[in-house]
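In order, the protein sequences belong to chains U and R. Note that the working numbering has the first sequence beginning at 28, numbered continuously upward. Note that the working numbering has the second sequence beginning at 489, numbered continuously upward.
In short, the hints are calculated from the structure, not lab data. No false leads were slipped in.
Only pairs whose alpha carbons sit at most 27 Å apart, straight line, appear in this in silico DSS-like list of lysine-lysine:
no. : chain 1 : residue 1 : chain 2 : residue 2
1   : R       : K500      : R       : K527
2   : R       : K516      : R       : K500
3   : R       : K504      : U       : K178
4   : R       : K516      : R       : K504
5   : R       : K516      : U       : K178
6   : R       : K527      : U       : K178
7   : R       : K527      : R       : K516
8   : U       : K178      : R       : K500
It should be emphasised that the depicted structure is a prediction, and the values quoted were computed from it without experimental measurement.
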Amino acid sequence: MSQIQQESAREQAVADDRPSEARVTKGLRRAKPAGKVLSHDGLPVRKISWKTRLRRDRQMLLMMIPGVLFLALFFYIPILGNVIAFQDYQPFLGITGSDWVGLQNFVDLYFNPDFWVALRNTIVLALWQLLLFFPVPLGLALIVDSLISTKIRRWFQSLVYLPHFLSWVLVIALFQQVLGGAGLVNNTLRDMGMGTIPFMTNPDTFPLLATIQLVWKDAGWAMIIFLASLAAIDGSLYEAAAADGAGRWRRMWHITLPGLRSIIVLLLILRIGDILSVGFEQFLLQHDAVGPGAAEVLDTFTYFAGVVGGGWSMGAAAGLAKGVVGALLIFAANKVAHRMGEPGIFQKKVG
Amino acid sequence: MATTLHERRSAKRRSKGLSYNPNRPVWKEPASPFYNSIKGLIIGGITLSIVLPILLVVSTSLADDKQLLAAGGFVLWPTHPTLAAYQTIFSSDFMFRALGVSAFITAVGTVLALFITITMAYATSRPVMFGRPVLLLVLFTLLFAPGLIPMFLMVKQLGLLNTVWSLILPGTFAAFNFVVMRSFFMNIPTELIEAARIDGASDFMILRKVVLPLSKAVIAVVGLFYAVGFWNAFFNAMLYINDQTLYPVQLVLRNFVVQGGSMADTIGVATTPPPQSLQMAIVVIALLPILVVYPFLQKHFNKGVITGAIKG
Chain U
28 MSQIQQESAR EQAVADDRPS EARVTKGLRR AKPAGKVLSH DGLPVRKISW KTRLRRDRQM
88 LLMMIPGVLF LALFFYIPIL GNVIAFQDYQ PFLGITGSDW VGLQNFVDLY FNPDFWVALR
148 NTIVLALWQL LLFFPVPLGL ALIVDSLIST KIRRWFQSLV YLPHFLSWVL VIALFQQVLG
208 GAGLVNNTLR DMGMGTIPFM TNPDTFPLLA TIQLVWKDAG WAMIIFLASL AAIDGSLYEA
268 AAADGAGRWR RMWHITLPGL RSIIVLLLIL RIGDILSVGF EQFLLQHDAV GPGAAEVLDT
328 FTYFAGVVGG GWSMGAAAGL AKGVVGALLI FAANKVAHRM GEPGIFQKKV G
Chain R
489 MATTLHERRS AKRRSKGLSY NPNRPVWKEP ASPFYNSIKG LIIGGITLSI VLPILLVVST
549 SLADDKQLLA AGGFVLWPTH PTLAAYQTIF SSDFMFRALG VSAFITAVGT VLALFITITM
609 AYATSRPVMF GRPVLLLVLF TLLFAPGLIP MFLMVKQLGL LNTVWSLILP GTFAAFNFVV
669 MRSFFMNIPT ELIEAARIDG ASDFMILRKV VLPLSKAVIA VVGLFYAVGF WNAFFNAMLY
729 INDQTLYPVQ LVLRNFVVQG GSMADTIGVA TTPPPQSLQM AIVVIALLPI LVVYPFLQKH
789 FNKGVITGAI KG
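Based on the provided sequences and hints, a complete structural model is requested.
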């Protein structure tokens, strides 16, 4: 997203649609020295006092109030609330009344085996998702794009987006009905005299199950971005290549995949930057079924240790650690994207 | 017959007056049957994987006792469909209440969310005092999340625990939707706004009379994103709500279907249909609103996401 870049470009190049900045065009007057506001054609523009600007923009400022209030209440103040990670927070004492313990909570976290189990699971699940879930939307997009009949294409796309709009509760419920202990597959196996397979309660195969669930739910949705990028590839390239004798696979290797390179790299880097957020509701719902050894991730650890177990400070410490590391990773991933010449999410401000 | 599929199709096309498939670009060679059948298998398999569970669930909810007992709990097609499961569920209050709570949350939440998002997006889309800092404040939320426990404490501090507002207010602003909307507003030609301003309109009037009518599509998309988010949320209810009368549909679904909790107390009827059909009925009730609304909306979603992804 190039919000910041667009913003500064806009301010310098686009004619301001707010009329209080009048143009001063005394013929012989030279352009004002740098530092003054200039309009896009280089002619000097009258500078306005901030009081006038405030009066001019008062309605817009009023418009921003609900949003800023929301952000303050539900984002920035809670971020400050992370201070309890450095305290021994007791609910009846409040933040001001609880003792300060510095980094003790983080040390306790370090020596807490459940935390390491959660961290290990988070990374394992993230790797599975990267290997299995990342290529699937790409492959799907290539297949759908090569479908010639537009009718089939539209039907299939509609169908495949649907699971994205179902809640995780519904998705897990549906999986249970098909793969669960009393589900369709196991019932059929039992009728045929064979033993049942514990698809949904086996902790060892859980990463595979979780990734399959994620693919079922979101691969169709993730496919959209790739489809859009595929459509943006110039069709005449294919034509030229075919005229030169390139077959189907050579065209894909030399035109399609390079054309998708930017978006693949960007999404890959963002995905790696986001590695600690593997999901939450999906694992919370199956926590009892497979046990915490397989289903505990950092976010569920925060929930069970903090809210359920009453260890508020320790939970806050875990959440804070995850948030900070996650932010650093996203930043680093963004830098890597810049290094490779691709636009990242946050671009450096231009000029 | 010794003809291949391709030959038969070409013959059929020729009988309609065409010698080629007009949908295929000229430079593309027709695919071999092997390749086409692999594609067909993949597409068919995916279609089946999505349709089958939904069909299974709907059928089981409509099946009668005998068939359920015979099949061991799951049927693909009910031979004697009956609405007994639904009657039982609706005979007590809890499902109506849950549906009411979810509907309230979704409706009120979406309206509030649209209000906040539109005002913020419009205010930051024009060169305005404080516009840049506020924009940065919003974009920063994409980078970092405050964390579960501080949010819980905040909600508690605001006195919203165990009220329906704890399920509405925290979800009324999502930076992703904000970005989509702001991109759209920034692309509205300034001439239109200048013209309105020359006619003497104030900022509020410009928003109401010029910008909003132009933005109907984007507002529909963003509104739907928010609505789906509100309808599908279950964890915030688990976290903030203890009062059973305030449980939304998703939490009911989790308690009775995923966790397999006993419905006997809640329903309190002497003879009930087998539990699977009751559970499936709840699943269908949770599924139905999305299925019903989906066909009308999916083309809007498609456009909205592409706008957000490419422009944003």
